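Okay, here's what each chain looks like letter by letter:
Number of protein chains: 2
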Amino acid sequence: MADKLQLKVLTACVYVVLIKVVCISATSPWALRSIRELSSQNDVNVSLPAGFKAYYYTQTLDHFSYKPESYNTFKHKYLVNWDYWGGNKGSYPIFVYTGDEQAIEYDASGSGFLVNLAKQFKALLVYIEHRYYGESMPFGDNSFQDANTLGYFTSAQALADYAELITNLKMNLSAQHLPVVAFGGSYGGMLASWFRLKYPHIVIGALASSAPILYFEDITPHDGYGVVVSNDFKENSESCYNTIKDSWSEINRVAAEENGLTKLSQIFNTCTPLNSSGEVKNWLSSIYMSAAQYDNPPRDRIGTVCNAINEAPAGTDILGRISRVLNTSAAATSSCYNLYQSTPSNHSGWGWQTCTEMVMPIGWEANQTMFEASPFDIKAYTNSCRQRFSIEPRPHWITTEYGGHDIKSVLGNFASNIIFSNGLRDPYSSAGVLENISDTVVAIHTEKGAHCLDLQVPYSTDPDWLVAMREKEVSIIQSWITGYGAKYSTKLLAKKPVRK
Amino acid sequence: MADKLQLKVLTACVYVVLIKVVCISATSPWALRSIRELSSQNDVNVSLPAGFKAYYYTQTLDHFSYKPESYNTFKHKYLVNWDYWGGNKGSYPIFVYTGDEQAIEYDASGSGFLVNLAKQFKALLVYIEHRYYGESMPFGDNSFQDANTLGYFTSAQALADYAELITNLKMNLSAQHLPVVAFGGSYGGMLASWFRLKYPHIVIGALASSAPILYFEDITPHDGYGVVVSNDFKENSESCYNTIKDSWSEINRVAAEENGLTKLSQIFNTCTPLNSSGEVKNWLSSIYMSAAQYDNPPRDRIGTVCNAINEAPAGTDILGRISRVLNTSAAATSSCYNLYQSTPSNHSGWGWQTCTEMVMPIGWEANQTMFEASPFDIKAYTNSCRQRFSIEPRPHWITTEYGGHDIKSVLGNFASNIIFSNGLRDPYSSAGVLENISDTVVAIHTEKGAHCLDLQVPYSTDPDWLVAMREKEVSIIQSWITGYGAKYSTKLLAKKPVRK
Chain V
0 MADKLQLKVL TACVYVVLIK VVCISATSPW ALRSIRELSS QNDVNVSLPA
50 GFKAYYYTQT LDHFSYKPES YNTFKHKYLV NWDYWGGNKG SYPIFVYTGD
100 EQAIEYDASG SGFLVNLAKQ FKALLVYIEH RYYGESMPFG DNSFQDANTL
150 GYFTSAQALA DYAELITNLK MNLSAQHLPV VAFGGSYGGM LASWFRLKYP
200 HIVIGALASS APILYFEDIT PHDGYGVVVS NDFKENSESC YNTIKDSWSE
250 INRVAAEENG LTKLSQIFNT CTPLNSSGEV KNWLSSIYMS AAQYDNPPRD
300 RIGTVCNAIN EAPAGTDILG RISRVLNTSA AATSSCYNLY QSTPSNHSGW
350 GWQTCTEMVM PIGWEANQTM FEASPFDIKA YTNSCRQRFS IEPRPHWITT
400 EYGGHDIKSV LGNFASNIIF SNGLRDPYSS AGVLENISDT VVAIHTEKGA
450 HCLDLQVPYS TDPDWLVAMR EKEVSIIQSW ITGYGAKYST KLLAKKPVRK
Chain B
0 MADKLQLKVL TACVYVVLIK VVCISATSPW ALRSIRELSS QNDVNVSLPA
50 GFKAYYYTQT LDHFSYKPES YNTFKHKYLV NWDYWGGNKG SYPIFVYTGD
100 EQAIEYDASG SGFLVNLAKQ FKALLVYIEH RYYGESMPFG DNSFQDANTL
150 GYFTSAQALA DYAELITNLK MNLSAQHLPV VAFGGSYGGM LASWFRLKYP
200 HIVIGALASS APILYFEDIT PHDGYGVVVS NDFKENSESC YNTIKDSWSE
250 INRVAAEENG LTKLSQIFNT CTPLNSSGEV KNWLSSIYMS AAQYDNPPRD
300 RIGTVCNAIN EAPAGTDILG RISRVLNTSA AATSSCYNLY QSTPSNHSGW
350 GWQTCTEMVM PIGWEANQTM FEASPFDIKA YTNSCRQRFS IEPRPHWITT
400 EYGGHDIKSV LGNFASNIIF SNGLRDPYSS AGVLENISDT VVAIHTEKGA
450 HCLDLQVPYS TDPDWLVAMR EKEVSIIQSW ITGYGAKYST KLLAKKPVRK
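Top line first, the protein sequences correspond to chains V and B. End of the first sequence sits at 499 in numbering that gives the first Met the number 0; the numbers just go up one at a time, nothing left out. End of the second sequence sits at 499 in numbering that gives the first Met the number 0; the numbers just go up one at a time, nothing left out.
Think of the hints as simulated: they come from the structure by calculation, not from any bench. Zero decoy hints are in this set.
For identical chains, the list gives no copy identity; a pair is met inside one copy or between any two copies.
Here are the computed lysine-lysine pairs in the BS3-like style, where the Cα-Cα straight-line distance is at most 30 Å:
id, residue 1, residue 2
1, Lys169, Lys486
2, Lys121, Lys407
3, Lys74, Lys169
4, Lys471, Lys486
5, Lys486, Lys407
6, Lys121, Lys169
7, Lys169, Lys407
8, Lys471, Lys447
9, Lys88, Lys407
10, Lys486, Lys88
11, Lys169, Lys378
12, Lys244, Lys447
13, Lys74, Lys378
14, Lys118, Lys471
15, Lys88, Lys121
16, Lys169, Lys88
17, Lys471, Lys407
Bear in mind the structure is a predicted one, so any value in this text is a computation, not a measurement.
Based on the provided sequences and hints, a complete structural model is requested.
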């Protein structure tokens, strides 16, 4: 179950984007993430955000091998916004968004803060799509065929893509001397911070928003995600929290009765008969998780869910209250609830990534959260990946390649110019960097706010704490650029001592 | 020609090792490097240095892809010296040698300084072989078959090998908390510094001896290598330098005469008739280059060459003097000189590496050095690689992956704990880091001394400047370990702020 839940809730800022895209719909958005799971990585019917133009770079298939096929190339999509750039004559920066698990248009639409930044810094905005998402398909329509075509789908290859593309783009713009800053949210935030760590010669700094880089191996307690969701709900309404917490055993009790599934189908008014109680439990869990992960102002997602539960007519029993939650979700049709059958797909990009290297051990024992017990089970996880992709996860690779253990000790005297930003209502903040690592590798977090909030379009109605968070980020980024300019202009480049 | 020269002189500390191994031979050693070119990467008939035991780790074939064959494994050889280790209960360090382009026994024999260090620090010594050298052949005897088997032969894969092996070794020793320091010389020195840059969570620091990490693209003038060789000779003897400088046109003049090659064969007393004057010019060039690169005390290699030239009987002409140089080389047999026919082999590990990513543009125009003009020609270089391995070099990859441009600016506020050590007589020092980059990324160089001298066994007869160099290195390494221990014992590990 941990696997399924993880697949449902992880990890993109896309949700924010979808909210923006679909917020005029009558359908409440929180379960859209689930719908997207199956369909979206190839969904390129997205309109280009205003001000952006699409380009394609001839990208190397395999940066780390020299087999004959390594030299194959593919059309790697990226977006550029030229509107605010001061040009290559001064020291105007280039802001690069390290694309994540979605078509790059979603990233561009969902991180409007960067457009504001570009205006302020006269920056060139470049959004680079992640390979195997959107249009950046190394083997075209056959990219998801099997491990032979999917095999090049790794975070290290994606980072090397960014390095190669940026280097070539700067050369073509005669802009080799300009500072580049990386930005990203969620998985893209992880990539932004890793990009700074692995390619400091390409980017002078990184803003990593809501990047759960510590959700690997045993660095973060497995239940971190679930505990934050539970606390979010408890904080909103103790009775709501208790109703949810009590609902699982109630569902199980009814399911165990004679014709229990039929009864549950009636209680939850599902369009088709339930095959297992897990279908409704998974759907409900994903609603709670999404509500917490994307509980960003001005919306009040948890409030909406809890109101549905709490404001049921007096005397409504637990499952009656809980069934009202479905009405807030994408499952709602005019006459019944169409619970999505979450058969794991072998055409999900994020599914592939979680089945290879992005093994986040999310789970919990009984009584740690408001959820039913669902411990992380690496064996079941591995079996599911074998079935789905005929692939074996490498659960230790991320920490071997990027670190994570003892991060303060390791990066305290190594690395610089990274901002880890988090909203503590975001369940993924449990695995974020929440404490300054050094003077220049810093953590900015707010008590309020959830996933990737700082990257969204700023509004005049934004709360003060959000305004303050962004101001702090701007001031730090300004200091990186100023510092770079100072060094560049005094030409502190390596000079060789002359032999006497 | 640049290609051939490069292949001949690059880059290992092995030469030092071979000197040790063969120094009782009557044959002077400087051309042995060339002989080794064809034969040695599979030469595992080397005895294990005293105190070392050999082990094999089941290594991942491809760390950066998830194709079915990526999961194949191979027996990855490493050596351990347990003699001095204080054990896993204290904070005794692990010193790792990042193996380079030779069987690992050569590395262990050639870097006796580490044994002294191990005694001093009660350290565990681990020497890890580089994949595709020695016994660490991913496809056994077929490893050099073609690009399908050679394709996984890259520096990034090698670094990931080291990361994975060290992580597993520490786990097996219950020594996860112990600090690891990386050491390497020449190409191995490049690997040691890159390892610290890319895997700061695995190693707390690196000593990179004679690492020409700046000999890529246009960072270092192409003629840097040749200029240092020439200066080394000029400093030893102006007349020797002039004789060499004048010899090329003299060789060309004779070669252009009727039966010129026959005359040259006679002058140089070659065992077989020359096919081109290039054969003798290449051989001579490699002698001069090797003499400079390995001109380490107590030996006086350049002096030996120059004495042969200068001490010819009065009236000996230029080529007569130059022919005496062959007598100092491995070409000498009892009755003639057996010039090695340097047909590029497709079984040379270093050949493969220079034909894929290690593209060092070594060359010079007329009059820049004592050598004949031999500009670096990327087209000829590429053609030669196509013929040799059916492979296309990626001359920009190293700087894309590891940087190098503006290194002081880039690493000045990023990275820590790297020592770049160089002897300025070493031609490769022209592309070394010779200036401190920051307080903790430092350059140590000596006016005297050539390639990898500091890593060799210390002797009581070592000159003061060498003793001082090593003392400085020890003191810096000590400070890394002390600093690590202090951080570790106060447990400055990341703590999460508690939400109110």
